[in-house]
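Colleague: From first to last, the protein sequence lines are chains A and B.
All residue numbers for the first sequence refer to this note's numbering, where the first residue is 388 and numbers rise by one.
All residue numbers for the second sequence refer to this note's numbering, where the first residue is 388 and numbers rise by one.
Honestly, the hints are just simulated from the structure, not real lab data.
The structure presented is a predicted model; accordingly, all values stated were derived computationally and were not measured.
Heads up, some of the hints might be wrong.
One copy or two, it doesn't matter: identical chains are merged, so the pair holds either way.
Calculated pairs, SDA-like style, for lysine to any residue (alpha carbon to alpha carbon, straight line, at most 20 Å) [what the hints assert, rightly or not]:
| no. | residue 1 | residue 2 |
| --- | --- | --- |
| 1 | K402 | Y456 |
| 2 | K668 | G461 |
| 3 | K588 | H659 |
| 4 | K668 | G462 |
| 5 | K402 | P454 |
| 6 | K668 | A728 |
| 7 | K668 | N473 |
| 8 | K576 | A641 |
| 9 | K668 | A741 |
| 10 | K402 | E457 |
| 11 | K402 | G601 |
| 12 | K668 | E716 |
| 13 | K402 | A433 |
| 14 | K402 | L650 |
| 15 | K402 | E517 |
| 16 | K588 | Q533 |
There are 2 protein chains.
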Amino acid sequence: MSDLLLRNIRPMGGKPADILIREGRIARIAPGIEAPGVATEDGAGALAIPGLVEAHTHLDKTTWGMPWYEGRRGGSLQDLIDNERNARIPLGLDVHRQSMRHAVALIANGATHIRSHVDIDTDHGLTLLEGKLRTREALRGLIDIQIVAFPQSGLMVRPGTLELLDAAMAEGADIVGGLDPSSMDRDPKGQLDAIFALAGKHGAPIDIHLHEPGELGAFTMELILERTQALGMQGRVGVSHAFHLAMLPEGRTAALMERIAALDVAIYSTGHPSAAIPSLKAMRAAGIRVGIGCDGIRDTWGPWGEPDMMHRARVVGMKNGLRRDDELEMLLDTASGAGAAAIGVAGHALSEGAMADITLLAGETLAHAVVLDEPRPLVIKGGRITARAGRAVVDAP
Amino acid sequence: MSDLLLRNIRPMGGKPADILIREGRIARIAPGIEAPGVATEDGAGALAIPGLVEAHTHLDKTTWGMPWYEGRRGGSLQDLIDNERNARIPLGLDVHRQSMRHAVALIANGATHIRSHVDIDTDHGLTLLEGKLRTREALRGLIDIQIVAFPQSGLMVRPGTLELLDAAMAEGADIVGGLDPSSMDRDPKGQLDAIFALAGKHGAPIDIHLHEPGELGAFTMELILERTQALGMQGRVGVSHAFHLAMLPEGRTAALMERIAALDVAIYSTGHPSAAIPSLKAMRAAGIRVGIGCDGIRDTWGPWGEPDMMHRARVVGMKNGLRRDDELEMLLDTASGAGAAAIGVAGHALSEGAMADITLLAGETLAHAVVLDEPRPLVIKGGRITARAGRAVVDAP
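Chain A extracted, bound-state conformation (with noise of 0.2 Å):
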């Protein structure tokens, strides 16, 4: 935890002012700031904001840094799942290897904290987790990581893989992944009683991948917000993608984004270019956490993406339709503060007593930089200096 003296920066857009920085925490937000012995930094007139937010990716799929895959498919959700599964040991996709890559370049390009989903399945064991637990440890002090035990193969269909769960948990996993309890598990009861009591036994929070499609997914989203309720589990349960928020009739989505907001359960969002996504207007005006995230890179899955969340602001803009000024500092905040929230990580903000996660970003205004494809030219966590002008200040294998 350092000290340093953040001079001559715009927080969040407003007037120049330093940021005195005790201890890895904000201790003064001003003009003119004197602290003799304190090591300075110029910010140079740049932007600055609370550190990016990962609120949904894939640390142990990507591709990135090796040579070109050819081997992407077409085909159902199915297909896709299995080719990975298939192609990881052949392909040599090493998770501690990529897993680092990845995170470093979200460090360079700004993040401060990332919530990863890792595969836990019965052809891997733990083995993926491993990878990425050791990435966790060699990048602490420089990104957080929250880890979800993740059953991309299924749960129920695959016997083993709960156990597989909770001993992932019990090894250093944050929190229970579920995915489709209805469209993959074929039994939405089943998959959801056994995680969230997985969650009860763990003291942890919940995140679902929900690809189901309208009325399915509608039902499958009840199921949920019904065990939130009744197992008090308000606050702690996250739902990522929730396509079908996007598929129903207008009344019916505004009476379940109320009730998600009720229920204080967070959605994240990927902004899928080819999907039809909730949208973040509504959501966050009904006043659900929101967070946003790339989802994978460059994995086998498909070659899009960059690790970089001020790219995928502008892919979740670009999707929603965003236009306006304030609309384009709401979608930042969504990347940013919000986000954090999102993830369960309270008081990301710049303020004084917060911890001094900060990214400074080019441009005139908030709303500039959203759009603006430059690197960035600092970036801090716990008032430690991360990366600089575009690269971080660790090296990936």
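Mind docking chain B on chain A? Use the hints.
Modeller: Using the frame of chain A, we list chain B on its own:
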């Protein structure tokens, strides 16, 4: 028209070869060409494709390189059109300067051809066209610019516009434009009869913006197809956006696409991120000539976009859910050889006798090049080098 020996490139991602250019045309493609006295350029193993083709943009609208514009609005298409028409003069949006910035950036990023619309309305008369004609002249030999005289604010609803379109065609515009004949002009027969007559008078092709949804768009498309057939305009008519082709029952879409292909009407898609768009694969499979374009870049309508056809190819590819290598190759072709055919430029290929309009790309394979966000190593137009390492050989004002 220049001679050049381009050494050590991989034509269409194939084995390393050289390309000999004589008088601006491709004279020979083979390994180890000797051409004493001819200037030589080392491609360093880069991929080579026919130059990128921007098939739908608005060079007269961008604020690129200007201070951040804070006045963007939400609202209807009409609101966006009115906001822009009223903002141009207070903003100081000089069309010559801005179209130069936009076009030079497209060159830097590998384009050799642009089709650009220019607003013709009763507020601005032909002043916007004149700025763009100066740009076309200034960049002659560096990039080919086709200009569509575009009634952005409506034709039948703004008397005097048709006469201005006529004058624009006389002054140097190449193509007669149209816009939402039903939803904007409230008189589809009136607008279409007028622009087909104007095209006949000037011996010019037609390019119609058609945002109209569902069966309304299909109705207008039918009116366009009927006139194309009756007037023998096969191969001379293009429709931009064509969102309706993404909103109809599958059989109806297939039948419309079949007729569009039979009458050789081209479709230009921008891969609009927040709208329904016609399937690139379905259109190509139906035999339709398809081009893609960036549409407006950071203009009064919206903050998004880059003046870069590789960036746009990624937007279109993500929107279309393309994953496999063969799909990415099809996408790249749509931004290159096939896109040229769609705007009426035949023979845009790496073949002996073709114009030496060539773009080099970084990457292991053509598919890899699509997702790789790196500067274009070299761009050649008619044998002349127009950009190197992501920088054009000319400066914009």
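Colleague: Could you run down the list of hints and mark each one as holding or not?
Modeller: Here is what the structure says about each hint:
For the homomeric pair K402 and Y456, the shortest alpha-carbon distance between copies (19 Å) is at most 20 Å, but the shortest distance inside one copy (47 Å) is not. Only between protomers do K668 and G461 lie at most 20 Å apart by alpha-carbon distance; the minimum there is 13 Å, versus 31 Å within a single protomer. In the homo-oligomer, the alpha carbons of K588 and H659 never lie at most 20 Å apart, since the shortest distance is 33 Å inside one protomer and 46 Å across protomers. For the identical chains of this complex, K668 and G462 are inter-copy neighbours only, at 15 Å across copies versus 32 Å inside a copy, given an alpha-carbon limit of 20 Å.
With identical chains, the CA atoms of K402 and P454 are at most 20 Å apart between copies only, with a shortest distance of 18 Å across copies and 46 Å within one. For the identical chains of this complex, K668 and A728 are intra-copy neighbours only, at 17 Å inside a copy versus 40 Å across copies, given an alpha-carbon limit of 20 Å. Neither within a single protomer nor between protomers do K668 and N473 lie at most 20 Å apart by alpha-carbon distance, with minima of 39 Å and 28 Å respectively. With identical chains, the CA atoms of K576 and A641 are never at most 20 Å apart, being 25 Å at best within one copy and 41 Å at best between copies.
Taking CA atoms no more than 20 Å apart as the test, K668 paired with A741 passes in neither setting, with 27 Å inside one copy and 50 Å between copies. For a Cα distance limit of 20 Å, the shortest separation of K402 from E457 across copies, 18 Å, qualifies, whereas the shortest one inside one copy, 50 Å, does not. Within a single copy, K402 and G601 get their C-alpha atoms no closer than 46 Å, and across copies no closer than 48 Å, so neither meets the 20 Å cut-off. When the C-alpha separation of K668 and E716 is checked against a cutoff of 20 Å, the pair qualifies only within one copy, where the shortest distance is 12 Å, while the shortest distance between copies is 36 Å.
For the homomeric pair K402 and A433, the shortest alpha-carbon distance inside one copy (11 Å) is at most 20 Å, but the shortest distance between copies (47 Å) is not. In the homo-oligomer, the alpha carbons of K402 and L650 never lie at most 20 Å apart, since the shortest distance is 38 Å inside one protomer and 60 Å across protomers. Taking the shortest alpha-carbon separations for K402 and E517, neither the intra-copy value of 46 Å nor the inter-copy value of 41 Å comes in at or below 20 Å. Only within a single protomer do K588 and Q533 lie at most 20 Å apart by alpha-carbon distance; the minimum there is 18 Å, versus 67 Å between protomers.
Checked against the numbered hints given earlier, this structure breaks hints 3, 7, 8, 9, 11, 14 and 15; the rest are met.
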